[in-house]
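K.L.:
Residue numbers (my numbering): 3 to 71.
Among the clues, some could well be false.
Unchecked claim - Listed below are the simulated DSSO-like cross-link pairs for lysine-lysine, each with C-alpha atoms no more than 27 Å apart in a straight line: (1) K13 <-> K50; (2) K57 <-> K35; (3) K13 <-> K27; (4) K50 <-> K27; (5) K50 <-> K35; (6) K13 <-> K57; (7) K35 <-> K13; (8) K57 <-> K27.
Claimed, not checked - Taking CB as the label site, the calculated pair distances span: (9) D24 <-> P66: 11 to 21 Å; (10) G36 <-> N4: 24 to 34 Å; (11) L38 <-> L18: 15 to 25 Å; (12) S48 <-> N4: 15 to 25 Å; (13) T11 <-> P67: 15 to 25 Å.
Derived by calculation from the structure, the hints in this document are not laboratory data.
Built from N, CA and C at the ideal position, the CB exists for glycine as well.
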Amino acid sequence: MNPLHEVLTLKECAELWHVSVDTLKQKCIGRVKGDLAFTQEECRQSGKTWLVTRKAMTRLYGEPPQNIV
3 MNPLHEVLTL
13 KECAELWHVS
23 VDTLKQKCIG
33 RVKGDLAFTQ
43 EECRQSGKTW
53 LVTRKAMTRL
63 YGEPPQNIV
């Protein structure tokens, strides 16, 4: 798999996993503690954009739900 597809913006994560961007941001900035938060290796800010690894999202939320069309 392309390594660029292993890193997602919070907006992409929110759309795929049906979680709010605000919730994900709280987990990035450390307002959520313990196993429910992202580690420094899983999440970082690039400019104004927060990036999260796909592996981190799967760790916290499981595989993304399949969209039913």
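K.L.:
Hint by hint, say whether it matches the structure.
P.N.:
Results of checking the hints against the structure:
1. K13 <-> K50: The given pair, whose Cα atoms are some 12 Å apart, holds under the 27 Å limit.
2. K57 <-> K35: holds (18 Å)
3. K13 <-> K27: This hinted pair holds, its Cα atoms lying about 10 Å apart.
4. K50 <-> K27: Given pair K50, K27 holds - Cα atoms ~12 Å apart, limit 27 Å.
5. K50 <-> K35: Holds, because 22 Å separates the two Cα atoms, which is no more than 27 Å.
6. K13 <-> K57: Status holds; Cα separation ~16 Å.
7. K35 <-> K13: holds (21 Å)
8. K57 <-> K27: Roughly 16 Å separates the two Cα atoms, so the pair holds.
9. D24 <-> P66: 11 to 21 Å: holds (19 Å)
10. G36 <-> N4: 24 to 34 Å: holds (32 Å)
11. L38 <-> L18: 15 to 25 Å: With Cβ atoms ~18 Å apart, the hint holds.
12. S48 <-> N4: 15 to 25 Å: holds (18 Å)
13. T11 <-> P67: 15 to 25 Å: For T11 and P67 the Cβ distance comes to about 18 Å; the hint holds.
Hint compliance for this structure: every hint is met.
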